[in-house]
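Asks: All chains, full assembly: derive it from the sequences and hints.
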Amino acid sequence: MTRVIKNPEDNAGRFNFKDIERKWQKKWEEERVFEAKEDSKKRKYYVLEMYPYPSASFLHIGHVRNYTIGDIYARYKRMKGFNVLYPMGYDSFGLPAEIAAKKEGIHPEKYTNNSIKQIMVYQKALGNSYDWSRVIASHEPEYYKWNQFFFLKMFEKGLAYRKNAPVNWCENCQSVLANEESEGGKCWRCGNEVVQKDLEQWFFKITDYADRLLKDLDKIEWPERIKEMQRNWIGRSEGTLAKFFFRDSKDSLDIFTTRIDTIFSVTFLVMASNHPRVKEFVRNTKYEKEYTSFMKRLELVQNETDKDKDGFFTGKYVINPATGKDIPVYVANFVVADYGTGVVMADAHDQRDYEFAKKFNIPLKTVLRPHKDTRVHYIIRSLVDDWKSKLKGYQWSIVENDGVEIFIPDNKLELFIPLGQSLLKKGPYYFSTRGDKRLIIFKDKVFDIFIGDNNKKANAYGASLSIPPKELAWSQTYEGYGVLYNSGKFDGLTSEEAIPRIQEWLAEKNLGRKVVNYKIRDWLISRQRYWGTPIPIIYCDKCGVVPVPEKDLPVLLPEKVNFGEGNPLSTNKAFVKTKCPKCNGKAQRETDTMGGFVDSSWYFLRYCDNKNKKEAFSKDKIHYWMPVDQYIGGAEHAVMHLMYARFFVKVLKDLGYVNFDEPFMRLFNQGIVYKDGAKMSKSKGNVVFQTDISNKYGIDTARLFLMMTASPEKQMEWNDDGVEGAFRIINKLKRACGTLGDKADAREESKCNKMIKIVSESIEILDYPKAIVTIINFIDSVPEMSKKSYESLLKLLSPFIPHISEELWEAIGNKGFISLAEWPKADESKINEKFEEAERAVNKTVSDILNVLKIIKEKQGREGEKIYLYVIPNEIDNYNADTLSKRVQNEVKVFAVNDKSKYDPEGKAGKAKPGKPGIFIE
RNA sequence: GCGGGGAUGCCGGAGCGGUCAAACGGGCUGGAUUUAGGCUCCAGUGGCUUAGUGCUUGCGGAGGUUCGAAUCCUCUUCCCCGCACCA
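Heads up: the first sequence is residues 1 to 922, going by this note's numbering.
Each hint should be verified, as a subset may be incorrect.
Claimed, not checked - FRET-style restraints, in silico, Cβ to Cβ:
no.	residue 1	residue 2	range
1	659	231	24 to 32 Å
2	293	142	54 to 62 Å
3	27	745	32 to 40 Å
4	109	293	50 to 58 Å
5	121	614	57 to 65 Å
6	183	236	17 to 25 Å
7	246	551	49 to 57 Å
8	301	156	17 to 25 Å
9	215	109	36 to 44 Å
10	186	215	49 to 57 Å
11	516	245	18 to 26 Å
Because the hints were derived from the structure by calculation, they are not lab data. Glycine residues also receive a C-beta, built at the ideal position from the N, C-alpha and C atoms.
Replies: Below is the structure:
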């Protein structure tokens, strides 16, 4: 399967990749080429990759790809003259270290330090241009001290608080999880089922920032899908809070709805089963039995998608504030306790409510029909001689001589069928509506039709559409906006008009108000694990919850704890037992630690000032470097790290520590590297290691291959064979080095400048494959280039293949690092498209000649004879004549007629006349 | 169900209204060089065909807009990703 080149280094002609890599990596380090210094005169650029978890003691080519994407950008910007900050560090707190500790009997700290040491060796072998003097690791007290510091600041402001709440618990990890970490009911880390538990936990009040987190998304250049995920997660919706009072009581149930326009339709309420008041309602009533059996049923189907509607009557009645009528309160399995108030008003204009009502025989009342102006128009494309008979049983009338308007009483839906001349061609035909996605058929007939939002458009599309027949059913609910009826004084209003009016009306009566609701929940930061930042809180028997005074920070993570006996920190008595900072009395420390996403919420700030002992970072340095200009990382953090970090920065701004709103101005999501159709993983055994490739071909080859094969944002399939292509390109580059000329001709200059232009533009937007392809094309089309072009070429390539570029840069007599050389500028005045045209002409001529040859040889049997070929000098200059000769393997002599003597000293060509093409055969 | 992204040769992928669909890489076929292999170089690689610088198709499917569409519009099928009974 894998083709192995025996000694690639021999083939490369004296290249010894390993030596070259070591040589330049050493030089870069010794001369501190990539260390960033604040310099107010220089424009800064901050490139950052999400800092890795140092668990793996190896790097696979997926890692290599991720790091290379950032390195290329950093190197490019550096050569462009920016003061580049490009750091690396480690997200070193977390569960894997603890698991390894348990398994192998190594202390997590030792395990982590070893891992970091190991991964650093591999990372350094990549030759990336990191500023290694700024390394940070979040498990170090110098780092996590500031987690505690910021926690205390947030505690002061009420942004960190403790509450008892139902939380996500992962049995496997033995810890709670944040909402964001529970992915579809599974633990994000281990995939274990997440269960609900009521626990007292620490939260950060991210909900206070929901609106800003949403609005500021417009300020940043992120992939749309990530922004969209965040928007969905924040889940802002404007609606109404309405009060439903109990009969003869001052007590009420609050509901949240976005569709207060349907309030007159509300004939019952539904509550979430775990709503705190449900138990109270049914206690000691005949409904308690129903409750118990429902809860049992619920558990059984908990993890099924598409559950049937289920629930029970609570025995309570409330008053519909609009109609004044008594309506029953049910518990239903489709109501989410977490969203809104956990109580929903139910009516005839919601599919779920409708189904529920049918099942429990609750009466329904419709109050909405579709808008006049959103009336659905149809075209029948078929020839319907008997169309009138099709409409039998429906109420219909001809409108304005060009259509049929049909009224279906049950559904309050009007259909409009224009009868233009473009219709009535061929069958079959059926009806469907757009917008609310409902489809309608006439009896059992199927109509081939198209829907437009107005008559004219429907006509325009009409002839073109064909919708395949389906078994269609008309759902009984109309869920869209429409026109109100059965709604008292609001009759005749559209939904859009009615919503604010009803809100006002309810507000006047103190029965409701306009509200904005968010889906996002507060960020649960407590973890019942050892390997994390201790939460700096003390519980005093007298004073209650007391923050650890700043001067006592950091609260060090105790070295000795027992694993497997619940919360590890609680097993260290000396740690737990402490004195109250306020009253000096007996007190206990908090034994939960902070989740790792706290660490990663501000690490990018610490890079700017990683050695600061007095503060987390100095303002001056932060304000010089921040925000991160280009952030690179996986999409899996869309609503976790990327949300938390944004929140954290906003908090820090409000606390006066930073002066910007957003941490990452541009975000880039790299794609995943697959092998044999699956994500690389040790357990699947489909891992291609960094060293597999770098030992054989050198790390530069691996980089080049990874970058040229697929756009960085795309997922890619690793293919061993493909590496050789990249390897050949490097060899070609090396060969070109041996034939450098003094001066470039106009053609070369044109091509070179064009290359510079395209490559620069492509790298700028991280379109690396395009940049590489452009460079390859240049090498192929100018095999013997001038030294100047070659130097430009090397510079353009150096971000991709830094070691080899340095080596060749030195080999052709340059001093200093190409890594610090100035990025070439394209001189657009030198670019001339006529050279491209000439090339096209050559290509065409080549195939012509080969065809002619074929004819002569095969058809005329004149093999072995000497053939002279003349071409028009305007189109083919001497360079291209040479190329032509080469490409047709010297079987044919090709030359420009205006330079006959040079190519035809014997005068054999004789009669060729300039300006006239011809083939002369001797 | 909702939202986002896709579908192009044997494969990975360019092109994103016209001047050239398939750049570039891999694979395959033939040739040159070579003791042989590798490396390197050249040509071919959607289909049809009588030699062609010719014809004809062809960018998931159907239809439309346009003088002209892989590219824009409509619908449809399938795939990937996210959210999911969010009122």
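Asks: Indicate whether the distance between the beta carbons of residue 516 and residue 245 respects the range 18 to 26 Å.
Replies: 24 Å, holds
Asks: Is 36 to 44 Å right for how far apart the beta carbons of residue 215 and residue 109 are?
Replies: Between residue 215 and residue 109, where Cβ atoms are some 42 Å apart, the hint holds.
Asks: Assuming the hint says 50 to 58 Å, is it satisfied by the Cβ distance from residue 109 to residue 293 or not?
Replies: Between residue 109 and residue 293, where Cβ atoms are some 51 Å apart, the hint holds.
Asks: Return holds or violated for the Cβ distance of residue 246 and residue 551 against the range 49 to 57 Å.
Replies: Cβ of residue 246 to Cβ of residue 551: about 54 Å, so the range 49 to 57 Å holds.
Asks: CB of residue 183 to CB of residue 236, is that within 17 to 25 Å?
Replies: 22 Å, holds
Asks: Does the Cβ distance between residue 27 and residue 745 fall inside 32 to 40 Å?
Replies: For residue 745 against residue 27, whose Cβ atoms are near 36 Å apart, the range 32 to 40 Å holds.
Asks: If I claimed the Cβ atoms of residue 186 and residue 215 lie 49 to 57 Å apart, would that claim hold in this structure?
Replies: 31 Å, violated
Asks: Tell me if the beta carbons of residue 659 and residue 231 are separated by a distance inside 24 to 32 Å.
Replies: 26 Å, holds
Asks: Between residue 293 and residue 142, is the Cβ distance one that fits in 54 to 62 Å?
Replies: 57 Å, holds
Asks: Is it true that residue 121 and residue 614 lie within 57 to 65 Å of each other by Cβ?
Replies: This hint is violated: roughly 32 Å between Cβ atoms.
Asks: The hint says 17 to 25 Å between residue 301 and residue 156; measuring C-beta to C-beta, is that right?
Replies: 45 Å, violated
Taken one by one, the earlier hints fail for this structure at numbers 5, 8 and 10, listed in ascending order.
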